[in-house]
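**Q** Here's the letter readout for the chains.
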Amino acid sequence: MPLFLDPEQEMLADTVRPFIAETAPVAHLRSLRDAGEPAGFSREVWQGFAEMGFTGVLVDEAHGGLGLGHVEAGIVLEEIGRNLTPSPFLGTAVGAVEALRQADEAMQVAWLPGIVRGEVVAGLALDESARHRPERVALKAERHGNTFRLSGAKQFVPFGHEADLLIVSARTSGSEADEEGVTLFALPRTQAGVTVSAQRLADSSMAARVALDGVELDGSAVIGEVDGGRAVLDRVLSCVRAGAASEMQGVAEGASAMTLDYLKQRRQFGRVIGSYQALQHRAAHLYSELEVARAATLKAQQSLDAGSDTADREASVAKAMAGMASGLAVREAVQMHGGIGMTDEYDIGFFMKRQRVLAEMFGDTDYHADRLARMEGY
Amino acid sequence: MPLFLDPEQEMLADTVRPFIAETAPVAHLRSLRDAGEPAGFSREVWQGFAEMGFTGVLVDEAHGGLGLGHVEAGIVLEEIGRNLTPSPFLGTAVGAVEALRQADEAMQVAWLPGIVRGEVVAGLALDESARHRPERVALKAERHGNTFRLSGAKQFVPFGHEADLLIVSARTSGSEADEEGVTLFALPRTQAGVTVSAQRLADSSMAARVALDGVELDGSAVIGEVDGGRAVLDRVLSCVRAGAASEMQGVAEGASAMTLDYLKQRRQFGRVIGSYQALQHRAAHLYSELEVARAATLKAQQSLDAGSDTADREASVAKAMAGMASGLAVREAVQMHGGIGMTDEYDIGFFMKRQRVLAEMFGDTDYHADRLARMEGY
Amino acid sequence: MADDLEQFRRETRAWLEENCPPEMREPMRSEKDVCWGGRTWTFQSEAQRRWLAVMAERCWTVPDWPREYGGGGLSPAEAKVLRQEIASLGCRKPLESFGISMLGPALLKYGTEKQRLEHLPKIARGEIRWCQGYSEPNAGSDLASLATRAEDRGDHFLVNGQKVWTSYADQADWIFCLVRTDAAAKQRGISFLLFDMETPGVSTKPIRLISGNSPFCETFFDDVVVPKDQVLGAVNDGWSVAKYLLGHEREMISGMGGRALGPSLPERALRRAGRDAEGRLDDPVLRARIALFEVRSHAFAAMSERFMDRLKAGSVHPAQASMMKYLGTELNKDRHELLMAAGGSEALEWESEASHGGAAARAWLRSKANSIEGGTSEIQLNIIAKRILELPEA
Amino acid sequence: MADDLEQFRRETRAWLEENCPPEMREPMRSEKDVCWGGRTWTFQSEAQRRWLAVMAERCWTVPDWPREYGGGGLSPAEAKVLRQEIASLGCRKPLESFGISMLGPALLKYGTEKQRLEHLPKIARGEIRWCQGYSEPNAGSDLASLATRAEDRGDHFLVNGQKVWTSYADQADWIFCLVRTDAAAKQRGISFLLFDMETPGVSTKPIRLISGNSPFCETFFDDVVVPKDQVLGAVNDGWSVAKYLLGHEREMISGMGGRALGPSLPERALRRAGRDAEGRLDDPVLRARIALFEVRSHAFAAMSERFMDRLKAGSVHPAQASMMKYLGTELNKDRHELLMAAGGSEALEWESEASHGGAAARAWLRSKANSIEGGTSEIQLNIIAKRILELPEA
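Protein chains in written order, with the UniProt record's numbering: chain A, 1 to 378; chain B, 1 to 378; chain C, 1 to 394; chain D, 1 to 394.
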């Protein structure tokens with residue numbers, strides 16, 4: 001498969017791009033933010049996404065979705081990023097759907113059509129500390145017959161307070177750092193014993209802390225096999241990492257485009273500042289970095305779609321590389337905008353804030369560089 | 001003490017600078033290199049250094065030296081660096097002298113006057129692997145009464161094949177990684193059982209591998225206390241690290257000066273290339289980095305002279321910072337020179353080679369950054 | 001001499017130990033702990049009030065200014081000892097002040113005796129808080145295209161125009177301000193005025209930043225009357241005063257790159273990330289990045305010490321202030337990037353109590369202005385290239 | 001279609017397994033293992049000779065050139081499969097050649113049928129080794145100020161002048177060369193000539209580099225007679241050919257940034273530094289720097305794949321070759337810096353047997369030329385800024 005979008009994918013991009021730019025541009029984020037909207041995103045926009053089929057991009061046609069792949073999901077995420085659209089897309093349409101695809105038919109029927117129709121929002125409850133360490137699972141699920149009692153806490157669950165469904169990693173045997181003994185559950189947020197408290201983040205999105213106090217679920221809530229959740233978890237993580245890389249790519253491209261425009265307009269000392277060679281070289285370097293990140297992300301997504309066993313490593317490479325490139329993009333954007341870029345009135349700061357949140361989500365560059373090193377045995 | 005050279009130190013610099021520039025400029029290195037001189041340095045130049053008092057800069061006046069400090073030694077080293085003078089100064093006049101200053105009077109009388117007169121060259125035999133790990137000492141010194149039998153090997157001993165005296169760290173008790181149980185010896189190179197093989201390095205200097213096969217020394221060869229060599233070793237290392245930072249500073253300043261000249265002369269696309277803003281910003285950034293490195297090195301040397309207990313940490317900071325700054329300096333120098341900088345005929349490549357050797361010597365930036373982290377408890 | 005200094009050190013330490021309230025020896029937690037003084041200042045605590053009072057009485061808010069203007073009259077060596085002792089006891093700065101760090105040196109160099117006697121003692125005691133009016137909407141880094149004009153009306157100037165990025169203009173008592181007194185000349189037609197912010201015609205409007213805070217204002221002048229004896233330096237020579245003062249501003253801002261207030265970066269990172277089995281920070285790549293940063297940070301602290309020492313000795317190239325500004329601000333930005341990385345998702349919180357109202361994220365965003373305010377990093381690099389390295393114009 | 005490709009993959013793999021000698025599947029240890037071909041080539045081994053012979057016979061030294069010119073005539077998809085299978089078996093390149101990577105594409109685009117038929121098959125079989133004469137002593141990155149002149153003498157040109165940085169000119173059989181055919185015009189007065197290095201008046205002098213090796217020459221032309229049918233493209237339009245070809249050169253050089261020959265950087269580092277108690281590379285800061293580098297290196301490998309795929313599909317912006325060149329060469333320099341750091345003092349050895357005659361240090365120094373030859377990094381950034389980002393001239 002050549003490493004560029006095929007004609008159908010290009011067509012999808014041509015549809016997605018104007019739709020999101022019109023429905024949920026940066027001004028949409030600003031108005032939600034100014035209104036202090038407690039959801040942190042718009043259900044109406046989400047419904048619009050559903051009508052376009054986006055929410056079901058990864059859902060197979062049998063369950064009402066488009067039956068497409070991670071490359072296509074990445075196309076949507078890139079536009080979400082470019083427009084800074086506050087959206088539970090990554091957690092729901094990529095993370096939760098990917099988890100549910102590993103579940104039995106009953107569970108798929110229970111949840112997927114709702115996601116496709118835009119009625120269900122999902123949150124990934126995988127982290128237990130402020131730093132991404134999903135391989136450590138302490139939240140306990142004690143089994144009594146066909147019942148599991150879940151107790152423990154998760155944090156940094158994007159839009160978890162609004163989620164209808166939580167995908168929760170829990171320990172059914174062994175201890176915190178063990179490879180085996182992890183089970184994934186599909187947990188309705190309204191279940192008794194679930195407490196969710198939302199936190200506003202720097203980018204004005206919302207993330208939740210989730211506390212489970214003896215929450216009871218039966219076996220039908222188990223995704224995949226009991227004690228065999230690690231493989232599902234790893235797959236879900238690879239998918240959302242690649243997805244977050246796409247969203248960061250969009251954020252970076254959006255910030256860069258604004259900055260290039262600014263460089264071509266703003267005059268100082270009698271010249272357009274974009275004519276200064278020092279800025280030109282930095283802009284050219286940044287462009288190159290972003291192209292590299294784009295290739296790495298597309299590579300990971302193609303591999304995820306092809307079921308290649310290099311996909312896991314490639315997703316870490318993509319997340320790490322996109323983190324570096326997009327971090328550079330927003331820092332250069334703010335610096336090159338000068339004073340005006342520091343004002344809340346101007347949009348460029350929003351890009352910096354969203355990039356930071358996405359860079360942290362599902363592991364930052366440091367985490368993934370270390371992970372890559374461990375994978376490669378050093 | 002203000003953090004700049006005092007008038008006497010400035011005067012010393014004013015003396016050292018023209019002397020070394022005339023006696024041993026870069027052309028001197030080139031001629032030694034072209035001749036394939038097996039010593040790797042000139043005894044004549046060394047004698048000239050002695051006549052100027054440089055070799056005894058750290059030796060107290062009672063033993064015929066100038067009785068000055070590490071700031072002054074750094075002044076000499078900076079000019080050695082600027083002129084790429086191949087010289088055993090760092091190992092002899094800083095490392096060995098500092099070790100001998102911790103020894104008893106008899107040993108001082110035995111070696112210091114010879115160093116002052118330029119008759120004795122010394123080598124530091126502290127490393128046992130290709131990577132600087134002086135805290136690991138496996139070379140064994142077995143005690144029998146007042147006799148020690150030394151067996152083992154050292155490497156990366158600058159000019160060790162020409163050294164009259166080797167300062168050797170050896171293990172008198174405990175095992176390789178133990179803090180205690182290290183003893184420092186003053187070992188005449190001609191002692192039976194010592195085998196020295198010299199290697200030419202990239203900068204055309206020479207470093208030796210030293211093999212000791214049952215070398216016998218009596219107690220008078222012990223520097224400081226038996227099993228108590230760690231403190232002496234640490235002090236010696238701090239001193240040569242700060243010294244190497246000074247030498248790197250000189251290398252970097254020499255390379256930068258050549259490059260600035262080139263930027264002001266070389267024309268391309270109808271303009272002097274130094275007028276291109278991208279190069280100007282890089283040159284300005286480099287200048288700033290070198291100023292930081294200079295301050296860090298001077299700080300360490302002042303502290304070494306004052307006996308401050310922060311000197312050890314500061315020496316690591318200086319070595320690490322000077323390594324970064326001078327590495328940037330030589331890379332920028334070669335790149336900005338373009339094709340001509342790649343030719344052997346032009347001098348700039350020599351600066352890159354010498355910087356690399358000095359950067360490695362007594363621990364590179366990675367080593368010292370890690371050391372700093374451990375010192376500060378993380 | 002050295003003995004005198006030792007005695008001074010002992011006395012200083014004893015005095016500080018006796019007079020600095022314990023609360024004023026705790027690390028500052030945020031910008032809110034800074035004492036700025038001025039007519040309308042509300043002290044955050046009795047300790048803060050007392051600490052300023054005793055230091056002002058001893059004239060140690062400005063230890064090296066001459067005694068006749070409210071300064072401590074200390075020698076450079078004594079002033080350094082005082083700084084060291086303050087640092088070693090961890091005493092907070094009794095007074096943060098643009099009057100001290102910026103205007104004061106310019107008044108000492110360019111002020112008339114009357115101006116010095118009027119303004120310096122009030123600055124030293126923290127009675128008058130100053131702000132700086134340089135930048136304008138269309139003159140960011142490019143001060144020569146300044147448009148705020150001051151018309152000569154005989155005994156006074158009539159000032160009209162607008163400033164931006166005026167730090168804390170809404171809380172300041174007086175402003176020092178660049179205005180155009182000759183429309184024909186570029187840099188030669190600028191003058192340096194001092195006036196009360198309560199003068200009729202002066203108004204301010206805070207600018208909300210990406211950090212959510214508003215440390216800067218837009219400041220408007222509408223027929224503001226300024227008596228002529230409130231020009232600092234010669235009319236049309238404000239540029240010289242401004243340049244001199246910018247050097248001091250850069251110094252101050254560059255200071256942020258040094259060892260910052262409160263717990264060190266490694267300490268903060270350890271709190272968040274914990275330790276691995278070998279006791280190392282439990283994120284090996286982050287640890288390495290922090291270690292490499294700390295090398296720079298320690299080295300920059302030495303650089304700052306050296307710069308200050310040479311400044312006092314008068315042996316520093318004036319453009320080195322640009323270097324300090326460049327290095328210090330870039331370092332501070334890097335530091336906040338690492339702090340955010342160390343803090344993980346909790347550092348992203350914006351309003352929660354646990355995050356002290358998003359202190360980490362807001363400080364991180366605030367740091368991005370460091371390399372813009374007081375002349376961008378790009379401007380500083382231009383200055384170094386041209387004035388120190390003597391590289392030619394394009 | 002996909003099935004055909006799968007069959008092609010199986011057949012290709014089987015053929016390679018049968019025909020590629022085992023020695024030619026070992027990683028190259030140094031530049032000495034490269035096969036350049038040409039009239040005077042001495043094969044390093046029988047395996048090297050045989051591997052070139054079988055690949056040339058199958059026309060797979062140039063798998064995607066048309067069959068009539070000695071190429072394999074493969075589709076882009078098939079050519080990619082062949083590359084993948086070669087990579088997966090670790091087969092060495094049978095032939096390294098500027099004829100293949102640079103001149104060939106230009107001949108295909110600009111050559112007359114006669115020129116193509118004369119030169120391309122010999123390039124494909126490795127019979128003629130080409131070198132490139134672009135740079136001159138006073139025209140490094142600035143080709144427009146080219147001075148080597150070719151006077152029109154009716155049926156031939158008379159060439160006089162000097163080139164520098166001619167790769168392996170002393171070992172090449174033919175040269176492709178930029179000369180000035182119109183002194184008045186700048187870029188418009190340049191022509192692209194092909195001629196035999198044995199033509200009277202051609203001489204070469206190797207340039208010793210800082211690595212101690214001499215891969216480049218100065219090349220002198222003294223009344224060299226070149227028949228007029230040896231111009232590639234139109235007279236005075238050599239600039240177009242050169243630009244087209246530079247794109248291909250950049251591609252080739254950028255390839256060096258990818259996964260290099262032989263053991264990976266982490267493997268080499270492990271050999272030198274060993275492991276700590278937790279099995280990690282026993283130098284935590286170096287390990288982190290390597291890990292961050294490996295992220296870039298893997299990502300760049302994807303970038304290279306993408307670039308090649310888009311190039312074959314004709315959908316790449318021409319200036320993207322500059323980006324590849326910039327990224328690939330900078331990455332390769334970084335890689336060698338890390339290799340030197342990992343190697344410690346042993347990597348500094350210059351002549352010893354243990355260091356294979358200073359292989360590490362010499363390769364490190366050699367890598368520094370990557371960002372200079374074929375257009376400096378600065379030139380590439382200029383091109384990206386102007387042609388892709390459309391930033392204005394100063």
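Hint data in this document are derived by calculation from the structure and do not stem from the laboratory.
Be aware that one or more of the hints could be misleading.
For the chain D half of the interface with chain B, some residues (derived, Cβ under 7 Å), not all of them [stated by the list, open to error]:
#, residue
1, 206
2, 207
3, 372
Pulled from the structure, derived: some chain B residues nowhere near chain A, Cβ distances all over 10 Å [to be verified]:
#, residue
4, 9
5, 33
6, 37
7, 51
8, 64
9, 110
10, 136
11, 142
12, 180
13, 188
14, 213
15, 257
16, 278
17, 331
18, 344
Since this is a predicted model, take the numbers as computed values, not measurements.
The beta-carbon is built from N, C-alpha and C at its ideal position, and this holds for glycine as well.
**Q** So, for every hint listed, does it hold in this structure?
**A** Okay, the hints, checked on the actual structure:
{"no.": "1", "hint": "206", "in the structure": "violated, 11 Å"}
{"no.": "2", "hint": "207", "in the structure": "holds, 6 Å"}
{"no.": "3", "hint": "372", "in the structure": "holds, 5 Å"}
{"no.": "4", "hint": "9", "in the structure": "holds, 37 Å"}
{"no.": "5", "hint": "33", "in the structure": "holds, 36 Å"}
{"no.": "6", "hint": "37", "in the structure": "holds, 40 Å"}
{"no.": "7", "hint": "51", "in the structure": "holds, 49 Å"}
{"no.": "8", "hint": "64", "in the structure": "holds, 52 Å"}
{"no.": "9", "hint": "110", "in the structure": "holds, 48 Å"}
{"no.": "10", "hint": "136", "in the structure": "holds, 21 Å"}
{"no.": "11", "hint": "142", "in the structure": "holds, 37 Å"}
{"no.": "12", "hint": "180", "in the structure": "holds, 32 Å"}
{"no.": "13", "hint": "188", "in the structure": "holds, 43 Å"}
{"no.": "14", "hint": "213", "in the structure": "holds, 36 Å"}
{"no.": "15", "hint": "257", "in the structure": "holds, 22 Å"}
{"no.": "16", "hint": "278", "in the structure": "violated, 4 Å"}
{"no.": "17", "hint": "331", "in the structure": "holds, 16 Å"}
{"no.": "18", "hint": "344", "in the structure": "holds, 30 Å"}
Consistency with the previously given hints fails for numbers 1 and 16, ordered from lowest to highest.
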